[in-house]
Every structure is written in C-alpha cells, then in structure tokens.
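Those sequence lines, one after another, are chains A and B.
Residue numbering for the first sequence follows the working numbering, beginning at 1 and increasing consecutively.
Residue numbering for the second sequence follows the working numbering, beginning at 1 and increasing consecutively.
Errors might be hidden in some of the hints.
[Claimed, not checked] Taking CB as the label site, the calculated pair distances span: (1) B:V410 with A:A2: 47 to 57 Å; (2) A:G78 with B:E133: 27 to 37 Å; (3) B:D98 with A:G78: 53 to 63 Å; (4) B:G406 with A:L10: 38 to 48 Å; (5) B:V410 with A:L142: 26 to 36 Å; (6) A:T179 with B:P534: 23 to 33 Å; (7) B:K262 with A:A180: 36 to 46 Å; (8) A:A17 with B:T150: 46 to 56 Å; (9) B:A90 with A:A180: 27 to 37 Å; (10) B:G223 with A:V188: 54 to 64 Å.
Source of the hints: derived by calculation from the structure; they are not laboratory data.
Heads up, the beta-carbon is just placed ideally off N, CA and C, and yes, glycines get one too.
Chain by chain, the residues:
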Amino acid sequence: MARMAGRRLLLAVPVLAVVTFGVFAIAAASPFDPAKAYAGSAGLGAGQDVFDQLRENLGADRPFVARWWDWVTSAVTGDLGDSSTLRQPVADVIGERIGWSVLLCAVAFTLAVTVGTTLGVLAARRRGGLLDRVVTSLSYTLEAAPPFWLGLLAIWFFALKLGALPAGGLTDTGSDVATAGQVASHVVLPAVVLAVSQLPWFVLYVRQGVGDALEEDPVRGARARGLRERTVLLHHALRSGLLPVLTLIGSRVPELITGALLVETVFSWPGIAAATVQAATSVDFPLLAALTVLATAAVLVGNLLSDLLYGLADPRVGFDG
Amino acid sequence: MTARSIRGMAATAMAAVLTAGAAACSTPGGGNGGSADGAKGDKDSLVVGLANEPETLSPLLGYGKDGNSKIFDGLLTRDAAMKLQPALAAELPKITDDGRTYTYKLRTGVKFSDGKPFSAKDVVFTYRTILDEKTNNAAKGELDAIDRVTADGDDTVVFRLKYPYAPFAERTVLPIAPEHAAKGQDVNSGSFNTRPIGTGPYVLTGWSKGEKLSFKANPAYWGGEPKIKKLTMAIIKDDDIRATRLRSGDLDGAILPPNLVKGFKGDKSKRTVTARTTDFRGVTLPTANKVTGDVAVRRALDLAVDREAMVDKLLEGAGKAGYGPVPTDSEWFAKGTERPHDLDKAKKLLDEAGWTPGDQGIREKDGQPAKFTLWFPAGDKLRQEHALAFASDAKKAGIKAEVQSGTWEVIEPRMKNDAVLAGGGNPADPDFDLYNLLHSSLALDGFNNMAAYANPDVDKALEDGRRSGDKGARKAAYDKIQRDLAADPGYVFLTHVDHLYVMNDRWQDLTTQIEPHDHGLGAGPWWNVEDWQPKK
Chain A
1 MARMAGRRLL
11 LAVPVLAVVT
21 FGVFAIAAAS
31 PFDPAKAYAG
41 SAGLGAGQDV
51 FDQLRENLGA
61 DRPFVARWWD
71 WVTSAVTGDL
81 GDSSTLRQPV
91 ADVIGERIGW
101 SVLLCAVAFT
111 LAVTVGTTLG
121 VLAARRRGGL
131 LDRVVTSLSY
141 TLEAAPPFWL
151 GLLAIWFFAL
161 KLGALPAGGL
171 TDTGSDVATA
181 GQVASHVVLP
191 AVVLAVSQLP
201 WFVLYVRQGV
211 GDALEEDPVR
221 GARARGLRER
231 TVLLHHALRS
241 GLLPVLTLIG
251 SRVPELITGA
261 LLVETVFSWP
271 GIAAATVQAA
281 TSVDFPLLAA
291 LTVLATAAVL
301 VGNLLSDLLY
311 GLADPRVGFD
321 G
Chain B
1 MTARSIRGMA
11 ATAMAAVLTA
21 GAAACSTPGG
31 GNGGSADGAK
41 GDKDSLVVGL
51 ANEPETLSPL
61 LGYGKDGNSK
71 IFDGLLTRDA
81 AMKLQPALAA
91 ELPKITDDGR
101 TYTYKLRTGV
111 KFSDGKPFSA
121 KDVVFTYRTI
131 LDEKTNNAAK
141 GELDAIDRVT
151 ADGDDTVVFR
161 LKYPYAPFAE
171 RTVLPIAPEH
181 AAKGQDVNSG
191 SFNTRPIGTG
201 PYVLTGWSKG
211 EKLSFKANPA
221 YWGGEPKIKK
231 LTMAIIKDDD
241 IRATRLRSGD
251 LDGAILPPNL
261 VKGFKGDKSK
271 RTVTARTTDF
281 RGVTLPTANK
291 VTGDVAVRRA
301 LDLAVDREAM
311 VDKLLEGAGK
321 AGYGPVPTDS
331 EWFAKGTERP
341 HDLDKAKKLL
351 DEAGWTPGDQ
361 GIREKDGQPA
371 KFTLWFPAGD
381 KLRQEHALAF
391 ASDAKKAGIK
401 AEVQSGTWEV
411 IEPRMKNDAV
421 LAGGGNPADP
431 DFDLYNLLHS
441 SLALDGFNNM
451 AAYANPDVDK
461 ALEDGRRSGD
471 KGARKAAYDK
481 IQRDLAADPG
491 YVFLTHVDHL
501 YVMNDRWQDL
511 TTQIEPHDHG
521 LGAGPWWNVE
531 DWQPKK
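Full structure from sequences and hints, please.
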C-alpha cells in the first residue's frame, strides 16, 4: 500500500512537468496577447510603444521554453511568481480562494455521492419499474446537459422567478463579513448545480452494480435463507455493488474540477476556478501554471485514493496498481 | 478493514475538509469590519450594481486616471458641469512659459487614511512612478507631454512639459498615491494594488474580485465626512441579473440598458437617471481599402446612414445622432456640420464618381465591387445592432458591408483593410478623442487612429488645438477639423449613447456628469456620492 503510494508520487513529478510544459506551449500558441489583456480597457487609448513596453516588462516576448524553465526553477524554491491579471502574487491568489473552491466541491461531491447512491439503489431494486425508468432517463438527459447551462437555468428559476435563493456571490451584496449563515445560503445553488451535473454517473453506476449484485448467487442465497429484503439490499447487494463507485469517485475528480470552473464563473463564486478562466484568457502564465499543477495534483490524488479504497474494500484487488 | 470502517473514514475526512474550508479562509481581499446588514432600508448605506470591475486599485497602474476614484483624490477634480476645481491642489494651476510650465500650490493639512500627512513628495512620487518604464501602466501615454515633475518645498509641485499642451490640467485629476505606503514594493504586483491607501472620501474595506468592492466613509476626509457611511459596488456582468437584483432590493441603483430600464417605469420608489455622454459608436473607413479609401464612397456612406432611426430603434431614444467624436450638444461642436440622412444625394455622389450599379444592386468601379468587411467585437449587442443597421443603410446606396464578429485578437490584425464598429469618447477635452482618432502619426498605432486617417490640414489643426492656450483659437481649430471631417469622413459616426441608471428614490438632487465611453466606478449618479444628503 505504501509502496504503491510512493511509486505514484514519484511518477507525479514528470507528469506535472509535462503538463505545465504543455500549458505554456498552448498558451504561447493561442491568439491572446498578454500585453493587451493586461492593459484591459486602458489599452484602448494606448499606443504601440506602451504595448511594447508592457510586453517587455511582462516578459511576453521571450520564448515560452525559457519562461517555463524560469517558472519551474523558481516554483521549486517556493516562489510561484506574480499574477499579471490579478496584480498580486500567485501564492496570495491561491491562498485567498482555494478554501472556497474546496468547500463548494466538497459539498457538491458529498451531495452527488449520497443522492446518487440512494437513487441508484432505489432504481436497482425494481429494474424496469416506474421509478427506475424516470431516474434512468433523467440521468441520461442530465449527462448531456453542460453545467453552465444548468447554472443559468437554476439562476433563472430559483433566483429570478422564485426569488428564493441568491443568484451569486459568497455573501449578500451589502455585507462584508462571510458569516456561516450567509455562506450557507449562497453555497446552495452552485453546489446543487455542480452536484446535479455529477449525479448521473453515480446513479447509473450504482444502479448497474447493485442490480447485477441482486442477481448474483450470494444474494439469491441470502434471500433463500429468508433474510429481510432490507438486509439483503443494504448488506449484500449494496456492498458489492458499490465497488465500481469507488473507482468512479477518483475518476470523477477531473470532471468535478471542470464543472466547478464553469459553475464558479456563472455564480461569481470567489474560488480558484474563476481565477483560472481569467488566467487562461489573459495568458497569465504564472497563475495558469500554478493552477494547472493544482488541478493535475488533484486528479492524481483522486486516482490514487480510489485505487487505495478499492484495494481496501476488495482484498482480491491488491495494491500493485 | 471492513466496508463500515471505510465509510466512517470517508465521512470523517469529508467533515474535516468541510470545516477546514469554512474556517481557514476569509473572502478574497480580506473583508473585515462593517455590519452584516444589506442595502435594504439603511439610510446611510448605498449598494450599486456595475458591469465592469477595475483591474487594479492602484493609481500607479492606471486606476481612477479620469478622476472620481472614491479612495483617492487628484490635484484637481471636475464639478457637475465638468469644470476643473481644485482638490488636493489649493487652487487651479498657474500656467507660465507659454503653456509649458504648470505650477500647483497644494492644500495643506490633508492626511491619508492611515493618518500620515500628504505633501508634494507624494505627487512627485505618483507621477514619476507612472512614467517609469518598469511600471505596467497602460494609460501612461496620456502623460506623454510631461518632461519632468519636481517638488518645490512641501506644498508646491511644478510640471515641465515637452511642448505646450493646453489640456494638460485635465490630466491632473489622476489620483495621488502615498509614497510611504506604495514605495519599496513591486509596483506591478505589490500589496498596494489590493489594499490601497488614499486621501479620498472612502476607505476600501474589502475587495472580493469578480464580486464586489466595499468601502466605508473616511471620518477624517478633508472635504468633510460623507453622509453615506457604507458604499458597496457589486460587479454583475449580466444585465438581466443586475435588473433582478435591483428589483429584489439587493441593490439601491444600477446601470442598465434602455430595454431593461423600461421595466422600472411604473415603479414609484425608483427613478431613472440619464447621463449624457461623449460615448460614440462609429464605423472606421480604412484608407488602405480600395472601396472605403475612396472619398466618394466615404461621403456617400456618411449621408446614407439614418442616424435618427438608429437613435429611435437601437437606443430607444436614449442617445443622439453623432456626426463626429464631439457630440452635438457640446460647446466644442461645430454648428452646421450636421449631415441629415440623404440617400438620393449619396447615390448621386457614387454615380458621379463612377461607381455604377452592377450585380444584385452592388455598385462597381473598374471591376471593383463596392464591398468591404465590417467587424464588431463578439458579444457586444449594441455594436452588433449598429453594425447591422449600418450595413442595411449602406446596401440601399448600393454598397455591401459584410458584417462579421470576432474577438479583438481576430479583429486587430485586419483593421488596416477592414472596417470596425468602434466606440470611444472622453468628455474632458476635445484633444483627447480627436488627436488619437485622426492624427496621421498615430495611424494603426495600437487602437489609435484605426482608420489610418491622414489629412495634412487636420493634422495641422490638431497640433494648433492642443498647443494653443487661447480658447478661441482652439475652438477655431476644432471647428475646422469637424468641417474637414464632413468633407472627407475617416469614420462614419453613428450615435452618442446615453448611459441610464435606475436608482431608489431616497436621496436629494442626484446629478450626473457628462460620461466617457468607459463607465466604471467613477461614472454614474454616484460620481459625487460623498456629497449626497438623504431625503427628508
């Protein structure tokens, strides 16, 4: 178990290097001009000499390989550089925002896993029944719905039509302090939207897993022994039916991150994802690279976690990866 | 390990993550202090909704350069009539040396919000830092005229200019940063950018990027403590969401497009405030293009467009027909240069110049069809509507403008040959718009003179206009430019767009200034929020 974790961590180093290199290369090839993006609205009246000066100050005229190397070497010493779009050190940007992103993702993920498992089990209990048909077709529909579209729909319905929940932000507009109550009411819509966009995968996997398990010999045996339906379902079928879900948890991490990217933007949630979108469109190399490392690390850790969980839950799998 | 213990582990881990997430962070920008009550009902608080957010709050990087920043003051400021008034300066500047030397006597006893005194060295520091080539200030070109800036004692600042520059005083509304707080850190990324300290009527209490800026009144403000103690500027890009949050009482006021303002007409508790602007929309006519470079085509297009119809239909009446960068109601407008819609005259001009009707009503000359591409920035609905209206009017005269949308990255390399639906406007002085739009030396220099307009007479008049200190002589120069522009239009100016605000009706005597193209924190009825009085 420890060996597997160690090996994965070692492997993470070249993976991160390649991924950040890729980010620098793609950003350098994009049509976005860092100097113009930096100037923003002030750039409309600026002449060429100002742009040239900006480009030089930002180091935007240097080849991306050199910029990548500079970034890597200073990142290793703990200096993540300065974000050009947000005009502050990258470490500050991440420090201020990551907690809010983790909060949003954690709430959404918990919701998706619990609701997804419950619905999946209920659907599997009577496959082909009314509930199963409704849940499955809804899941297929939701699978195709992009999170930002769901977000806009949710704002339109809950915030604009019903006026029941705030349409965005971390707190009410007039309030400065992020009290627990304020944050709790503001996190509902974005978290539910993010959860709903993840839900179909859990529902369908659990339904399949539990459904299959219900037809396996041990379950049939349990039924034959006259055990209660509840016991059969929760203790026998669910346990073996949940195994694929453990893998799913790890593999959903990348989707969760891209989902959060869009959801945070739609709801003006002050998390890391909103900064990522800004960094990408303004070719803000230092910020973009640091955020990519963070996302890649999250994916790697997610995969490792699901493999570990799988190994723990099913001793036949083992830890050789 | 059993499945049950795994579940337990997972639950514990999740709970730990949740508490860490909730406890370990503050809002970005670090909100502190202030009460938790919202806009609703408080007489001394104001929450407004804006579409744009500043990139930085440091004047050294360009924040507030046109005045009206709430955290800072400039040497001068503008009143409701856009006349310059002293702010950190004790009086208007003394101009000597044929307009090359500007001397400012400073107000005494002014303190920054951290209690440290303001003096001439802060002014010198601010201007020198902006002009420093290591400073990433995109607007520094506006201070090109400055040769050097020096302090003469604690209370006098002297600017030496490279050339006589009549509108220079208009530039000195830019905010002054304290040397003691902003020096000694990286000007481009230091903490001063997000935690500014100024002499202004308000002190920043929190900045949650992409969401809002919060301010509290500065009790020691030299102009007197503002009546509105708490000011919040919410950044809400989407027009509909801004309107809804205004309706729900979350906001006290917001900028809105004309079609959404209509929805508030019946609401007794709200009032609509209309700000006149110099914010123009117009089509560039690139000189390098065979079609738009032909003076006959340029004049024909200028006559063929129905500006009044655009004002009625696109702006729902909230705007004016535009014949140049100078709006018709400005004191600098050259009376008599209005060109009424005249399709027949446009056709006649084209006939005379040899553009004869060809396939599908598109004219031709020497095998060259009268066709060109017109770009507008993707996502800008108002510009899109202007572009389509322009194309439809041009078509009636037999000229085809193919309307396309793209990001500025796509448009910029094509500006030499293709037309662009441009916008802009700075009300402070005619030099600011006219020089950048029309001077041949700035052809295709960044976003200056996008049409590559070149007219020696106009160049000469532009120079006269900025160098002369005499207002009569300046007026004559700008009149000449506007007349030349009517004879050889480098752009087809279409409209000047009013900015509309819907406000709760709780304060007395709200006013607006004439607004620029860029409508950020400084423009809007809250340009002088520090002077507002609650209604009795």
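Unsatisfied constraints (hint numbers, rising):
9, 10
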